[in-house]
Amino acid sequence: MDLIADRISHRFGALEVLDNVSFTVGPGEVVAIVGPSGCGKSTLLSILGGLLRPSAGAAQLRGAQPADSRNPLTFVFQDFALLPWCTVNENVDFPLLHTGLTDSNRCAIVDDVLHRTGLADFRAMYPKQLSGGMRQRVGIARALAVRPAILLMDEPLSALDSQTRELLMEDFIRLLADGSVGAVYVTHNLEEAVRLADRIVVLSRRPGRVREVVNIPMTRGARSDIGAREKLLALQTELWSLIREQAIDAEREVQHA
Amino acid sequence: MLDRAPSNREAPSADLNSETRPVRFRGAGFMPKAGRYSGWVALLLMILIWQLAGSAGLVNSLFLPTPFAIARAIWQLAITGALWHHLSYSILRIGIGWVLGTIAGVVVGFAIGLSSLARGVGITFISALFPIPKIALLPLLILWLGIGEEPKIATIALGVFFSTAISVYSGVDAVPRNLIRMAQSFNVPFHAIVSRVIWPGALPSILAGFRISASVALLLVVSAEMIGAEFGIGAFVLQAGNLMQTDQLLAGVVILSLFGLAVGKAINWLETRLLHWR
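Going line by line, the protein sequences match chains A and B. Sequential numbering from -11 applies to the first sequence in this note's numbering. Sequential numbering from 66 applies to the second sequence in this note's numbering.
Okay, chain A solo, but in the shape it has when bound:
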């Protein structure tokens, strides 16, 4: 199944945020979206996931949905969006409650994803008892429980400290390794983009337009080699040079607003 951004434009009142953005995410592909702050990255993701109606253009799906997927387009949120009154177990179970699965089936699914995300010992805890990293793991476990085809990840690491970010990044790399799940990964962090993505869509400052689509010429596995470090760093520097000027402009603009 492909997810297609088909000439998407969006405005909030007089403010034009996105202008004619098009790209395609193939099966198992990870596409990062980067750009200066305020360029409409998160807005674009909301539109792709059907949470926001674009002013023009559309988000389209092409090809059959994977038969076993209960929610092909599944979000992972920046602020985790966990129900504070539910335990870890209940949070992960939440999207399954209305899928018509039997209790024992749901139990088995929740069990499986909690083990895969290292949360098995935390199932009875409430979100407030968990660290930020563990909360985001719950968010990921919840997303995995519905067997997504494409994960829509909205700055999933930006609310975390850098050490936790590194740990979760390693988890993401493992998670996306077998190519069974694709992702649209919105981030302002170029290192995350370079390490995770197959392709990087660089948006311009507001209104966001596709400035450049950059392929990462390496498998995700190969990127963890020592030898790949330099190449990735060079890529990151190149990307930064694309964005830098506009990031300065965007920053000034925000401060004037």
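Since the hints were made in silico from the structure, they are not lab data. Every residue gets a Cβ at the ideal spot worked out from N, C-alpha and C, and that includes glycine. Treat the hints with care, as some may be off.
What the hints assert, rightly or not - As a list, the in silico BS3-like pairs of lysine-lysine whose alpha-carbon atoms are at most 30 Å apart:
{"no.": "1", "chain 1": "A", "residue 1": "LYS116", "chain 2": "B", "residue 2": "LYS98"}
{"no.": "2", "chain 1": "B", "residue 1": "LYS330", "chain 2": "A", "residue 2": "LYS116"}
{"no.": "3", "chain 1": "B", "residue 1": "LYS330", "chain 2": "B", "residue 2": "LYS98"}
To be verified - Pair by pair, the computed Cβ-Cβ distance ranges are:
{"no.": "4", "chain 1": "A", "residue 1": "SER150", "chain 2": "B", "residue 2": "THR337", "range": "33 to 39 Å"}
{"no.": "5", "chain 1": "A", "residue 1": "GLY88", "chain 2": "B", "residue 2": "TYR102", "range": "56 to 62 Å"}
{"no.": "6", "chain 1": "B", "residue 1": "ARG101", "chain 2": "A", "residue 2": "ASP237", "range": "55 to 61 Å"}
{"no.": "7", "chain 1": "B", "residue 1": "ALA239", "chain 2": "A", "residue 2": "ARG217", "range": "45 to 51 Å"}
{"no.": "8", "chain 1": "A", "residue 1": "ASP159", "chain 2": "B", "residue 2": "LEU335", "range": "36 to 42 Å"}
{"no.": "9", "chain 1": "B", "residue 1": "LEU323", "chain 2": "A", "residue 2": "ASP149", "range": "50 to 56 Å"}
Said to hold, decoys possible - Reference listing, derived: stretches of chain A covered by chain B, where coverage requires no fewer than 3 residues with Cβ under 8 Å from a Cβ of chain B:
{"no.": "10", "region": "75 to 88"}
{"no.": "11", "region": "184 to 197"}
Based on the hints, put chain B in the right spot on chain A.
Relative to the frame of chain A, chain B by itself:
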């Protein structure tokens, strides 16, 4: 390889040439903590001074009877059964009025929180009618409903309704939008979003509203009973005042305050049961 520095070099004794002086502590104060017993001690002390002033004849007991006299009056009321008689009337009025007002308030509050149409209409009406002191409507309600229990209950229900509706819809408004969007992104149906996301999310505000509506109900039951009732704590307090039985009067006031305290405790209990996740 990490180039490890010897850790003892950081100790102050390493440099014997210069003197050290402690950094002045500047972080004191601004953290008041209520002591466990200080409040009770102050209360008992005040009652003691009151009692002593009364016993020594410094205060005219007609205007301010001693705590002991008030306690005795409460005891008398309890053993004669008058206390239960009056209290049962008040509790019945409050109970029915509060439940009716709360049910209507929760329903209307949710409607305003969830539907644009209800919001447009409801907020206008509530803004217009909320500021009316509900007790002012009692004479009208007596005309409409007769002189029985109904107008008193209706007054209480009205007062409770408005404050409940407001706290419910502000509670619904305060449910984080990201949680609702999360539920939508998983295709959770509307009714389940309401029952599993919005209801628990609004509950803290709804329970806080119960605290306010309970005190509104207490205020209105006393006022209504003072205006037109034979029995009830409000009527009892007013009669005692008319007869200059100040010990009885204050006994009624103490009972009202104990009643308010009990309701507050009940809501505390509900909060710890239902909001343990906070």
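Status of the hints after comparison with the structure:
The suggested pairing of LYS116 of chain A with LYS98 of chain B holds, with an alpha-carbon distance near 24 Å, which does not exceed 30 Å. Between LYS330 of chain B and LYS116 of chain A the CA atoms are separated by roughly 26 Å; this keeps the pair inside 30 Å, and the hint holds. This hinted pair checks out: LYS330 of chain B and LYS98 of chain B have alpha carbons roughly 21 Å apart, not beyond 30 Å. The hinted window of 33 to 39 Å between SER150 of chain A and THR337 of chain B holds, with their beta carbons roughly 38 Å apart.
Separated by about 58 Å at the C-beta atoms, GLY88 of chain A and TYR102 of chain B satisfy the suggested range of 56 to 62 Å. At about 59 Å, the CB distance of ARG101 of chain B to ASP237 of chain A agrees with the hint of 55 to 61 Å. Taking 45 to 51 Å as the suggested C-beta distance range, the pair ALA239 of chain B and ARG217 of chain A conforms, at roughly 47 Å. Restraint check, ASP159 of chain A to LEU335 of chain B: a C-beta distance of roughly 40 Å satisfies the suggested window 36 to 42 Å.
The hint said 50 to 56 Å for the Cβ distance between LEU323 of chain B and ASP149 of chain A, and at roughly 51 Å that hint holds. Counting residues of the region 75 to 88 of chain A whose C-beta sits closer than 8 Å to any C-beta of chain B gives 4, which meets the bar of three, so the coverage hint holds. Counting residues of the region 184 to 197 of chain A whose beta-carbon sits less than 8 Å from any beta-carbon of chain B gives 0, not enough to reach three: the coverage restraint is violated.
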